[in-house]
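Which chain is which? The protein sequence lines are Z and X, in order.
The first sequence: position 202 = 202 (my numbering), numbered continuously.
The second sequence: position 545 = 545 (my numbering), numbered continuously.
The hints are simulated quantities; they were obtained by calculation from the structure and are not laboratory data.
Any given hint could be a false lead.
[Claimed, not checked] Coverage of chain X stretches by chain Z, computed from C-beta distances (three or more under 8 Å per stretch; other residues unrestricted):
1. 163-171
2. 182-188
3. 818-824
For clarity, every value in this text was computed on a predicted model and none was experimentally measured.
Virtual Cβ for every residue (Gly too), placed ideally from N, Cα, C.
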Amino acid sequence: MSTTGSPVLAVHDVDFSYGRLQVLFGVSLEVGRGEAVALLGTNGAGKSTLLRVVSGLEQPSRGSVVLDGRDVSARSAEDRVRDGLVLVPGGKAVFADLTVAENLEMKAFTLRRSSRAVREAVQRAYGLFPRLAERRDQRAGTMSGGEQQQLALAKAVILEPKVLCIDELSLGLAPTVVEALLDSVRAIRATGVSLVVVEQSLNVAAAICERAVFMEKGEIRFEGRTAQLLERDDLARAVFLGAPPAAKTTPRPRPRKQAAAPPRKPPAKRTPAKKAAAKKTPAKRTPAKRTPAKTTPAKKAAAAKKRG
Amino acid sequence: MGGGLVLGFISGLTYALLAVGIVLVYKTNRFLNLAHAQFGALSALLLSKFVLDDGWSWWVAFPVVIAIGAAVGMLVERLIIRRLVTQQRSPSTMLLVSVGVSELLLALNYVPAVQPNVTRLQFKGYPLPFHSSFSVAGIVLGGQHILILILVPLLVIALTLFLWRSVWGKAIRACATNPDSARLCGIPLRRVNLTAWALAGGLSAITAVLQAPSQGTYNAAGFGPDLLLRALGAAALGGFTSIPMALAGGLLIGEAEQVSLALSNSTGPSELVVFVLVALIVIVRARAIGGQRSGELTASEEIRPATVPESVRNRFVVRRQGVLLGVLSLFVAVVFPVLPYFNSLSSRFDLTVIVIMAIASVGLTMLVGWSGQVSLGHFALLGLGAYLCAKLGAHSFSLPLILVIAAAAGAVLMTLIGLPAVRSGGLAVAVTTLGLAVVAPTWLFNQSWLGAPGNAAVIVDDVGLSPFGILHSRLGLYYVAVALLVISVVATRSLRRSLPGQLMVASRDNPRAVSSFGVAPASVRLSALAVSGAIVAAAGALWGLAWQSMSVDLVPAQLSLVLLAPAVIGGLGSVPGSVAGALAIYFPAFFISPHLSSIFGSFGQQIGFQLVLGGIGLVVIPLIRPGGLASIGQSWWEGFLGSVARDVEGRDAPDIMRSRVPAPREPVRAASTPAVDPAAPDGAVPLRITGLSTRIGGRAILHDVDLEIGPGEIVGLIGPNGAGKTTLMNVVSGHLPATGGTVSLFGQPVTSLAPDKRSRLGLGRNFQEARLFPGLQVWEALRVALARRQGSGLLSAAVSAPWTRMTERRARAQAEEIIESLGLQTWTETLTGELSTGTRRVCELATQLAAAPRMLLLDEPTAGLAQREAEAFGPLLKQVRESLQCSVLVIEHDMPLLMSLCDRVYAVAGGQVIASGTPDEVRANELVVATYLGTSDVAIERSGPIVPPRTKSRPRATTAAR
């Protein structure tokens with residue numbers, strides 16, 4: 001699939017901080033109509049945070065989010081769902097205390113004015129995931145991880161968004177389950193929705209996305225086609241598995257020549273911004289304070305556990 | 001009797017209605033709203049004013065005041081609760097804030113503008129819609145009773161239907177379970193929460209209006225702790241989440257109360273019956289309440305250790321900062337009562353009481369701050385000390401002996417109160433201690449063996465203080481109080497610096513991990529309650545001496561709630577902070593409020609002033625500065641030291657960049673003491689599981705599992721999600737009960753042993769989420785892990801005995817040795833909650849090195865790590881195993897890592913072992929391939945080398961470990 005016309009989702013120069021700790025540094029990203037983009041990177045690189053900013057759960061300190069030509073930066077997360085921007089959060093995305101049917105009804109909350117629309121949407125979900133129909137009266141929290149992820153993905157067919165963001169598709173799931181989910185994601189993709197998928201595994205990402213964006217320490221370091229990454233063993237290894245110690249000082253691979261990749265600013269331009277930000281509060285930035293960004297997924301999981 | 005039943009049913013309905021409101025808020029925001037009853041108090045007051053003074057019809061006034069109640073609920077949500085929820089505060093913090101809200105709402109009732117004409121109210125009685133009455137079983141039921149009988153069941157039914165049938169009701173429940181997810185479904189979270197709070201406020205208003213006529217003249221304080229205890233008890237029956245069960249609980253408590261009242265004809269025993277019933281509910285429903293996971297403070301609320309610039313670290317003022325601060329404060333405390341204005345008899349009394357309150361808040365801050373248990377009954381402990389002092393003083397006991405006996409009694413009483421609640425943690429303790437606050441003045445202090453029957457006052461005679469003769473002087477008593485304050489500050493500080501105090505924080509943050517290190521969290525919780533009770537009861541003895549006579553009017557349950565304010569204002573968990581907090585509240589209350597009473601009327605009086613001041617403190621401090629006075633002081637100190645350091649260095653202190661994943665130094669070393677328990681027979685099979693089955697909530701998770709691990713073996717456990725791998729580990733470690741089969745460790749059957757007992761046999765484990773102890777520094781976490789081998793007693797730690805100090809020094813040295821060998825030195829004094837996932841995983845491995853188990857269970861040690869970090873983890877795991885010489889059972893999704901690590905592998909699916917053998921055998925097993933590995937290369941190679949699509953078929957496992 002190629003990117004035609006204006007991008008359906010554009011993120012411009014986003015800065016974001018948790019308290020005093022800056023997590024995103026001038027991140028820009030464009031997603032074409034019908035395109036599937038994988039966000040890759042190590043823990044704490046800022047992938048999930050970027051999705052939280054895009055979906056409106058977090059407010060960036062700088063930059064904007066443009067959906068289908070319209071700036072949605074000021075709109076709340078709830079409103080962005082109506083605008084056609086949907087995020088499937090990582091980890092426990094379902095309402096554990098509610099039954100499967102109630103979960104689906106909640107996912108169709110924005111359609112509630114028309115009971116027929118809700119019914120049809122729920123039927124679409126059952127169509128894609130027959131398993132959910134079998135378990136419609138079971139409490140979602142008692143289902144297996146894979147089934148819960150199916151329930152979470154059902155949002156895509158219920159709301160039929162323009163852009164679907166999926167956070168940590170394969171987290172903690174056994175390979176067979178992931179494989180089945182990948183089929184579902186491909187089916188969802190076939191409806192023409194644009195995808196942004198956060199993944200820790202390149203292989204899973206490559207199975208559904210044609211373009212990959214690699215993030216490190218809150219910046220985009222590399223963009224390229226996933227097929228290319230898979231072919232170039234050395235490149236992928238250097239980027240994803242860490243270069244051997246001797247090679248660490250060599251510049252990072254930045255294949256800018258690819259035609260498919262949309263134009264982007266060279267990373268060099270952002271580094272000063274990061275340094276400036278780091279200088280703002282030199283005395284107060286203790287080493288301990290540097291790390292919370294990376295603890296957030298764990299905190300989130302803990303919070304989810306508490307709620308669940 | 002029959003009449004009692006009828007009255008019990010009616011009052012039970014009102015308790016139930018209150019309980020339903022508490023459940024509603026609990027479902028929405030996951031905390032106990034102790035202010036719930038107060039939401040409606042204003043409405044009840046206004047209804048009487050509208051009807052009696054302004055001549056409104058009851059039917060017009062009723063909906064208006066319900067709307068006002070709803071508005072109060074919405075305002076509280078909008079102004080206070082929403083902000084705290086956004087900041088993700090812990091349930092105990094929210095509970096404390098709600099105490100503050102209830103104090104402020106109570107204070108609101110004293111505003112003259114909302115009060116009805118008192119004589120008219122007394123003459124006409126509280127307004128009712130109709131005055132018909134009929135009699136049942138010898139009891140005349142008036143209009144208010146009929147109203148309750150009709151309205152309450154209707155309301156409960158309507159609410160239940162709303163929550164389970166309507167879209168908005170479901171949205172409330174959805175937002176309650178998963179707020180972020182709800183927003184991502186387009187559910188307007190704020191509107192939903194606002195709706196829930198409006199409902200709760202409205203419900204509270206209706207309850208207050210229904211309840212008010214039974215009280216004769218209306219009294220806002222009547223909606224105080226005793227009513228709250230009944231409502232909380234009712235809500236507890238439903239685990240704070242079930243509305244039908246809350247209804248049943250309300251009826252149960254109402255019946256018990258009224259029937260016992262009818263039988264005994266006095267309130268004391270009926271209060272005791274209610275208390276015992278509530279305690280029973282808490283015991284019976286322990287699992288439902290405990291399942292709600294409460295009482296955890298998040299790391300952000302922990303005051304992190306001060307950062308001191310390197311260049312000034314060795315200065316005398318910095319090294320001895322604590323001692324210097326103490327000496328300075330002591331000097332001020334000694335000089336104060338001889339200063340002009342403060343040297344009068346009444347001022348010295350006030351000063352003595354302030355110091356006693358400071359001692360009490362030291363006792364509270366360690367309980368609430370360290371162990372995360374909120375006590376709502378500490379004022380009763382002050383009373384206990386005072387009454388004991390009166391009794392013992394009459395038998396001419398000397399003061400030191402009285403203090404010791406009072407402390408012991410306080411410890412015993414708190415332990416007794418804690419026992420029913422200790423299994424389920426924070427929330428339940430709040431309920432039973434509230435019971436103590438209620439039952440102490442109504443029953444305990446009326447017993448002739450402790451106090452005086454019939455609320456009579458008891459004289460507290462001056463007592464002897466050995467070398468000084470009888471302690472007559474007020475100044476002498478003040479200095480004794482200061483001495484006790486010094487003792488309690490020093491004792492609590494040394495507790496916190498040694499194992500017992502660290503265990504309290506650890507059991508608050510992660511009780512399961514504590515039990516896996518061989519310590520029972522319940523006993524740690526009890527120890528915190530006991531220490532806290534001892535301190536406060538000892539202070540109570542002095543309190544009695546200061547007052548010179550004691551009566552139950554001096555220990556109303558309401559004051560127990562006010563007592564929480566200093567601990568919160570000072571910064572929870574900070575001992576010096578709590579002293580400062582007590583000064584900040586009581587000093588103005590005693591020395592400033594008398595000058596203001598002419599301006600504010602009843603507001604300016606001591607109690608009112610305390611209420612307003614405490615209320616504001618409880619609400620505002622968590623909102624703007626969770627660390628309270630302690631963190632304000634600390635950041636001021638840090639700023640000062642920073643500027644000194646800049647002067648010294650002439651430039652900014654370097655901002656040191658740290659590497660993200662610690663680099664282990666080889667070889668990794670375990671704690672230096674021998675890991676092998678000499679008592680264990682050699683050669684016994686480390687772990688043997690036979691025919692193990694487990695059910696959770698009727699679902700069979702494991703059936704008939706057999707598994708065996710030989711000495712020194714590394715065994716992998718693989719299987720699809722939901723196969724029961726983690727459950728198996730939980731059953732082995734004792735965190736889940738087995739329903740059939742046996743588990744034996746080193747030849748000993750352990751199937752029915754508690755987790756901490758199993759740990760003592762040499763079993764160690766990690767947890768998938770790797771939370772560790774967010775409120776503890778890295779070395780402290782290791783100290784906790786060393787608990788089993790380097791124990792320190794509670795008492796000897798409190799008095800900082802020489803042998804304890806030696807043990808602590810040795811343990812710290814061992815901890816640092818391990819920290820260094822894993823390359824974690826940089827983080828030695830970092831809170832584990834602030835570590836990155838990768839570093840925390842390494843830190844968790846370090847705790848295993850400290851605990852030195854002989855059988856180690858590892859549940860997904862690399863979960864949440866990126867590929868690069870996960871790869872580095874494999875060799876590290878191997879090193880740890882080498883140095884511990886232990887057997888390992890490991891669950892991993894990362895196949896290449898697992899296959900390179902393990903001697904043997906068990907594959908489970910659907911709760912059964914489907915294959916076992918060498919990694920290659922299991923890999924080749926067709927059943928395993930079908931159920932687990934699947935046939936897709938994409939899925940298997942999660943962390944393997946990137947294989948170009950053309951060469952997919954080449955062998956994978958062998959190339960995995962780099």
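Quick rundown of the hints versus the structure:
{"no.": "1", "hint": "163-171", "result": "holds (count 3)"}
{"no.": "2", "hint": "182-188", "result": "holds (count 7)"}
{"no.": "3", "hint": "818-824", "result": "violated (count 0)"}
When held up to the earlier numbered hints, the structure conflicts with hint 3 and nothing else.
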